[in-house]
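Line by line, the protein sequences give chains A and B. Note that the numbering used here numbers the first sequence so that position 290 is 309, with each residue one more than the last. Note that the numbering used here numbers the second sequence so that position 96 is 303, with each residue one more than the last.
Keep in mind the hints are simulated off the structure, nothing from the lab. C-beta: ideal position from N, C-alpha, C; glycine also. Don't take every hint at face value.
What the hints assert, rightly or not - Distance windows between CB atoms, simulated:
#1 B:Met424 with A:Asn96: 37 to 43 Å
#2 B:Val326 with A:Pro320: 30 to 36 Å
#3 B:Ala261 with A:Trp49: 53 to 59 Å
#4 B:His470 with A:Ser29: 55 to 61 Å
Claimed, not checked - Heads up, incomplete: computed chain B residues facing chain A, CB under 10 Å, no partners named:
#5 Ala261
#6 Asp304
#7 Leu308
#8 Glu320
#9 Leu488
Stated by the list, open to error - Per the computed footprint, the stretches of chain B lying under chain A, defined by three or more beta-carbons under 8 Å from a beta-carbon of chain A, are:
#10 282-290
#11 441-448
#12 459-468
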Amino acid sequence: MMDESIIKTSRMGALLIALFLLVGLVMPKWLLFLSTMALSHGIVSLGIVILMRGGVVSFGQGFVFAAGGYATALASNHLGVTDALLMVLIGGFAATLCALPFAPLLSRYRGIFFAMLTLAISMVLYGILVKTQTLGGSDGFNVSRPTLFGQEIATEESNWLLYNLAVVVVGVLATLARIYADSVRGLVSMAIRENELRVEYLGASVSNTIGTNFIIAAFMGGVGGALTLMSLGHIDPNFSYWTTSGEFVFVAILAGHHSMLAVFVGSFVVEIVRSFSNLYFPNTWQLAMGLFLLVVIRFLPRGLGSLWIDRNRNKGGEQ
Amino acid sequence: MLALTILIDGIIYASWLFIVALGLTLVFGVLKILNIAHGSFYAVGAYTAASFVAWSVSLGFSPAWSLLAMVLAAVAVALLLAPVVEKGVLRFFYGRDEVVLVLVTYALFLILEDATKLVWGPIPYYVSEPYMLFGLVETKTMSYVGYDFTLIAFAIVCGLGVWWGLNKTRTGKIVLAVIHSNEIASSMGINVTRVCTWAFMFGVFLAALAGAMTSPMISVQPGLASGVVIVSFAVVIIGGLGSIQGAAIGAVIVGLARALAVHTWPAAELFSIYVAMAIVLMFRPEGLFQRVQARKI
């Protein structure tokens, strides 16, 4: 029973990855870059969605985003690691390592306190990064283009290759996230969201689950940081600034916690809105984003994902 | 000597921070909203004060009148902006999850950030007129600007005023009742909606007032809001959300921690504020002055 659903989810994931790769073949260059950004930011928001399923929201995912990004950048510049796939893994694990000491502390907190403490941690990192001259201070530093499987990446196909890499890495992680969400611990998260005291009485550890979710979210954030760094070729302390984290939460709320795919739809929409308003009204894109966010929270309280998930559920109910 | 310098710098920093945090904590107490846009109200207050002071000078008033212009600026922000935000936006989200409300105010923050840029443009403003009104305070080795000390006195007056207003007046007791439980207050016949509106307006006023009062000490430019809100969050978290004594103690702790870092290890400026917060939270997870609350099963 359990295995069957895992196979079904994996098949679905593989199908979607193949679909995205195919679409990538016909995308123009600017759209490839935009989609890569949407994917690599979306995976960070996916981490927040995992946390949201357990009833907490991190307002400081910029912390793991920057940790992954900086670790990857340093590994590339100082250790000579240039393989893109390896860099993604370094980003993920470095962020996990950075998040690990905070997990037991944070898992004691809920609601606003969880949000504010994560925000505080990310701002501490921001403060350190801005003042560290060896890391370029507030200007950050550049990183040369990665290689893939020992091959140099040519300039004209770099957008396409990085898009493919992002699709595969993010696709695999999103599929794993779906499997996790459907697993016992994933369902316990949903129960915690409903009523954590009852979960404790039933014998499951709430803080354990939230801690695990936080670590998983950290890995995803680190991967997102590494992917973003590779497409931008540059990193600066703003990776860890609270408004960056705010955008990740924005996408997570926009998507809702019901669908993993919705996160990337949301992330894509935000990137589109951002780049178009940057182009046509450069001084008011934040205003547009703010209004957009208010409308979503007001009229779509359970997020984009509820648009198709609810419909499916209703159908299931009728049958 | 260094200790004294740190103490004075810390208290000066704490004084305006306390006024900001007071508004933040009051709004949280009454409306249960942790308001990210509070930083924006601070920034709007600073900008409006810059404009008002410039007008009063161009109309030929002496610099002393610019103090009044600053207070009027804060009043104007509270009267114009607060009802729009509360009646036009926040009202639709009352009763939603606290974290969702944080995000709503984040959206407001984004909107106000661009709105201030549209109104005042990206160039920095300098409000120099009031800064030298109170002269210099000289010690053997250091000289301080008198205005900074005036600000300390002003913050103390604000704090005492709010404390007196809440604890010694009828209106204040009504507000305290709403903070305690808005459902029971409402069943006792208190118009909770109206209390919320006024409390929010007063919170905005305090933020704008702090912005106006600090405008002579800084350059008023974009990006002001995001810095202020982060520090004032640390203050109210240290003090316990919704507590006035907490905001005062929190502001002093943050001010001293920052001053200590600035004078001994400048690289750790922002770091120090959050280390202070982490230490407090380790021993008092709900902040220094938070009441113990029963858990709902």
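- Message: Using a Cβ cutoff of 8 Å, are there at least 3 residues of the stretch 441-448 of chain B near chain A, or does the coverage claim fail?
- Response: It holds, with 3 qualifying residues against the three required.
- Indicate whether the distance between the beta carbons of Ala261 (chain B) and Trp49 (chain A) respects the range 53 to 59 Å. Because 44 Å falls outside the window, the suggested range is violated.
- Double-check Asp304 (chain B) for me: the hint is only fine if its C-beta lies closer than 10 Å to a C-beta in chain A. Result: holds, 8 Å to nearest chain A Cβ.
- Item | Val326 (chain B) paired with Pro320 (chain A), Cβ distance criterion 30 to 36 Å | Since Val326 (chain B) and Pro320 (chain A) have Cβ atoms about 32 Å apart, the given range 30 to 36 Å holds.
- Message: Min Cβ distance, Glu320 (chain B) to chain A: is it shorter than 10 Å?
- Response: Interface hint status for Glu320 (chain B): holds (5 Å vs cutoff 10 Å).
- Minimum Cβ distance from Leu488 (chain B) to chain A below 10 Å? 7 Å, holds
- Message: The hint names Ala261 (chain B) as touching chain A; please verify it with the least Cβ-Cβ distance against 10 Å.
- Response: Since the shortest Cβ distance to chain A is 23 Å, the answer is violated.
- Message: Just to be sure I understand the hint, the distance between the Cβ atoms of Met424 (chain B) and Asn96 (chain A) should be within 37 to 43 Å; is that true here?
- Response: 40 Å, holds
- Given a hinted range of 55 to 61 Å, is it respected by the beta-carbon distance of His470 (chain B) and Ser29 (chain A)? For His470 (chain B) and Ser29 (chain A) the Cβ distance comes to about 58 Å; the hint holds.
- Task: Would you check chain A against the stretch 282-290 of chain B, counting CB to CB pairs closer than 8 Å, and say if three or more residues qualify?
- Result: Our answer is that it is violated, as 0 residues pass the Cβ test (under 8 Å) against chain A, missing three.
- Regarding the hint that Leu308 (chain B) lies at the interface with chain A, is the smallest CB-CB distance below 10 Å? 9 Å, holds
- Message: How does the stretch 459-468 of chain B fare against chain A when you require at least three residues with a CB closer than 8 Å, holds or violated?
- Response: violated (count 0)
In this structure, the earlier hints numbered 3, 5, 10 and 12 are contradicted, and the remaining ones agree with it.
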